[in-house]
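Enquirer: The hints should help you fit chains B and C onto chain A, whose structure is shown.
What follows is the residue order along each chain.
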Amino acid sequence: MRQSLIHWFKYGSPQSFYPLAGRMIPWFWAAAALFGIAGLWISFFVAPTDAQQGEGYRIIFVHVPASWMSMFIYLVMAFWAGLGLALNTRVSAMMAQALAPTGALMAALSLLTGAFWGKPMWGTWWVWDARLTSELILFFLYLGFMALQAAIDDPRRADKAGAILALVGVVNIPIIYFSVKWWNTLHQGSTINLTKAPSMAQTMLWGMLLMALAFWMYSIAVALMRVRAIILERERHTEWVKHAVE
Amino acid sequence: MSAFLATVRRDLLLALRRKSEVLTAVFFFVIVTSLFPLGIGPEPVLLKKIAPGILWVAALLATLLGLPRLFAADHGDGTLEQMALSPSPLGLLVAGKILAHWLLCGLPLVLLAPVLGLQFDLDASALGILTLALLLGTPLLSLIGAIGAALTLGVRGGGVLLALLVLPLYIPALIFGAGAVEAHIAGLEVGGHLSLLAAMLVLAAFFAPWATTAALRIALE
Amino acid sequence: MQWNSVGEFLAMGGYALYVWGSFGACLVLMVVEPFLASRRLREVRRSLIRERLADELESQQRTQ
Numbered sequence: 001m002r003q004s005l006i007h008w009f010k011y012g013s014p015q016s017f018y019p020l021a022g023r024m025i026p027w028f029w030a031a032a033a034l035f036g037i038a039g040l041w042i043s044f045f046v047a048p049t050d051a052q053q054g055e056g057y058r059i060i061f062v063h064v065p066a067s068w069m070s071m072f073i074y075l076v077m078a079f080w081a082g083l084g085l086a087l088n089t090r091v092s093a094m095m096a097q098a099l100a101p102t103g104a105l106m107a108a109l110s111l112l113t114g115a116f117w118g119k120p121m122w123g124t125w126w127v128w129d130a131r132l133t134s135e136l137i138l139f140f141l142y143l144g145f146m147a148l149q150a151a152i153d154d155p156r157r158a159d160k161a162g163a164i165l166a167l168v169g170v171v172n173i174p175i176i177y178f179s180v181k182w183w184n185t186l187h188q189g190s191t192i193n194l195t196k197a198p199s200m201a202q203t204m205l206w207g208m209l210l211m212a213l214a215f216w217m218y219s220i221a222v223a224l225m226r227v228r229a230i231i232l233e234r235e236r237h238t239e240w241v242k243h244a245v246e
Numbered sequence: 247m248s249a250f251l252a253t254v255r256r257d258l259l260l261a262l263r264r265k266s267e268v269l270t271a272v273f274f275f276v277i278v279t280s281l282f283p284l285g286i287g288p289e290p291v292l293l294k295k296i297a298p299g300i301l302w303v304a305a306l307l308a309t310l311l312g313l314p315r316l317f318a319a320d321h322g323d324g325t326l327e328q329m330a331l332s333p334s335p336l337g338l339l340v341a342g343k344i345l346a347h348w349l350l351c352g353l354p355l356v357l358l359a360p361v362l363g364l365q366f367d368l369d370a371s372a373l374g375i376l377t378l379a380l381l382l383g384t385p386l387l388s389l390i391g392a393i394g395a396a397l398t399l400g401v402r403g404g405g406v407l408l409a410l411l412v413l414p415l416y417i418p419a420l421i422f423g424a425g426a427v428e429a430h431i432a433g434l435e436v437g438g439h440l441s442l443l444a445a446m447l448v449l450a451a452f453f454a455p456w457a458t459t460a461a462l463r464i465a466l467e
Numbered sequence: 468m469q470w471n472s473v474g475e476f477l478a479m480g481g482y483a484l485y486v487w488g489s490f491g492a493c494l495v496l497m498v499v500e501p502f503l504a505s506r507r508l509r510e511v512r513r514s515l516i517r518e519r520l521a522d523e524l525e526s527q528q529r530t531q
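Protein chains in written order, with the working numbering: chain A, 1 to 246; chain B, 247 to 467; chain C, 468 to 531.
Chain A extracted, bound-state conformation (with noise of 0.2 Å):
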């Protein structure tokens, strides 16, 4: 037990954490392709035309798995946040560094897609919709934790501040959400349904389920990327760096 807790303090350090991520990047670089691969799969030649919808319905094969991450991301994020203030890893506050730009980016996908979707389907590229309207807000939030990061120029402090607005967003997403579909719900009366068709429920589902999948490993992969290079950037002056680029 002591040992296995020991083993894992081993990769809070910079400098066991970099070459392992090195390792990583090609695996998860290749699950995100076999995901994608048979998620598109479903999503264009499995998954059947939909009665209403005809074959637009097909964008939420990446409006869905894109909004999901731009959430479960921020999670994320919060959490090797939080770590990094109460333990002192330098690791992970770097982690939640390099997972905002991506989690920005699948909120930014998640709007445009869902413009996409709203201009052959509700006749206007935006509706404030009450999902729309909250992934907007979050995306504004990705926008102020990255903003707030790239202000401090001591690393240590921009990771603590950037920490303690983490925290203070994931405790008021949950609000947030609530409020805009309260609002929502007052102004407009009615959300349409995404996933409204039940006859293909399952094969939708499955579609949705591997590109969101796919969605996961790539951005994993892409913030293993990013953390390797923060970790260079921060540690530059230390020996192992040094060594680490032959």
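Simulated from the structure, these hints should not be mistaken for lab results.
Glycine residues also receive a C-beta, built at the ideal position from the N, C-alpha and C atoms.
Careful, some of the hints might be misleading.
Calculated Cβ distances over 12 Å to all of chain A for the following chain C residues [to be verified]: (1) 524; (2) 527; (3) 528; (4) 529; (5) 530; (6) 531.
Chain A is faced by these chain B residues, among others (derived, beta-carbon under 10 Å) [said to hold, decoys possible]: (7) 307; (8) 398; (9) 401; (10) 402; (11) 407; (12) 412; (13) 413; (14) 417; (15) 419; (16) 437; (17) 438; (18) 457.
Expert: Chains B and C alone, transformed into the frame defined by chain A:
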């Protein structure tokens, strides 16, 4: 408790010596709300419809104006470090500073709102709800804003960054605050809106000084 | 399989712009982001290598 009251008193006295800073936020609130009818047109039905949203957004921005100064002066002259080292808990002193900020930047808005509401053709009961909602909402804005002010303390581009951090977190207050007045105008029950605002205020009163203190300690390191 | 021809597949039942726009945007951004991340890593490695070479050169000159 005496340390808390002493902090409130001190901040109020300091602000009274530099009145212009307090008045700026109030004038901003008045001018912004008066600009909207000029931009949109004086049609009473339309004005009545947009009044809650405009008054609330203007209140949000006016509160934001005073936030960068919340800790900046004390940080600049070293008072904040003294506070962190003092025997009374920093959280209590921070809560006192937040209360003083609300008394200076929030309360004037609450008192002015009924007068400004008249410009938008709101009737007496709607004005009452607006004032009540702002009375519950503006302390919430000060509490949440204090976290942002502490996080951006001494950071370059602090003012704009503060707006970026804090405004998304203000959205629930905006929705329920403006929503209460809108619901009242539409003839609906407003108790739900107001009690949710109150619940958020209690939650923020409990957590925000704590988070602000943590952020200030990081800034002071 | 519900597609009879490549053209039909590409037309997406009249939703081509929206479907291919969505999938295309995802593809483009998911290619650009890893590219930017790997460029960042390459750049910091290059500058570290340059720094080390400069150090080595300096120490060589000192021994001579």
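Enquirer: Using Cβ atoms and 12 Å as the threshold, tell me whether residue 527 (chain C) really stays out of contact range of chain A.
Expert: 16 Å, holds
Enquirer: Going by Cβ atoms, does residue 530 (chain C) stay more than 12 Å from chain A at every point?
Expert: 19 Å, holds
Enquirer: Taking 12 Å as the cut and beta carbons as the points, is residue 524 (chain C) off the interface with chain A?
Expert: 14 Å, holds
Enquirer: Against chain A, run the beta carbon of residue 417 (chain B) and see if the smallest gap drops under 10 Å.
Expert: 6 Å, holds
Enquirer: Is the interface hint for residue 407 (chain B) satisfied, with its Cβ closer than 10 Å to some Cβ of chain A?
Expert: 6 Å, holds
Enquirer: Beyond 12 Å from every Cβ of chain A: is that where the Cβ of residue 528 (chain C) lies?
Expert: Its Cβ never comes within 12 Å of chain A, the nearest being 19 Å, so this holds.
Enquirer: Can we keep the residue 401 (chain B) interface hint, with Cβ of chain A closer than 10 Å?
Expert: 5 Å, holds
Enquirer: Quick check on the hint: residue 419 (chain B) CB to chain A CB, less than 10 Å?
Expert: For residue 419 (chain B), the interface hint holds, since the closest Cβ of chain A sits about 9 Å away, which is under 10 Å.
Enquirer: May I ask you to check that residue 531 (chain C) keeps its beta-carbon over 12 Å from the closest beta-carbon of chain A?
Expert: Check passes; 22 Å lies beyond 12 Å.
Enquirer: Was the hint right that residue 412 (chain B) lines chain A, CB cutoff 10 Å?
Expert: 8 Å, holds
Enquirer: With a cut-off of 10 Å, does the beta carbon of residue 402 (chain B) approach a beta carbon of chain A closely enough for the hint to hold?
Expert: The hint holds - residue 402 (chain B) has a Cβ within 10 Å of chain A, the shortest such distance being about 6 Å.
Enquirer: With a cut-off of 10 Å, does the beta carbon of residue 413 (chain B) approach a beta carbon of chain A closely enough for the hint to hold?
Expert: With Cβ-Cβ at 8 Å, under 10 Å, it holds.
When each numbered hint is compared with the structure, violations occur for hints 7, 16.
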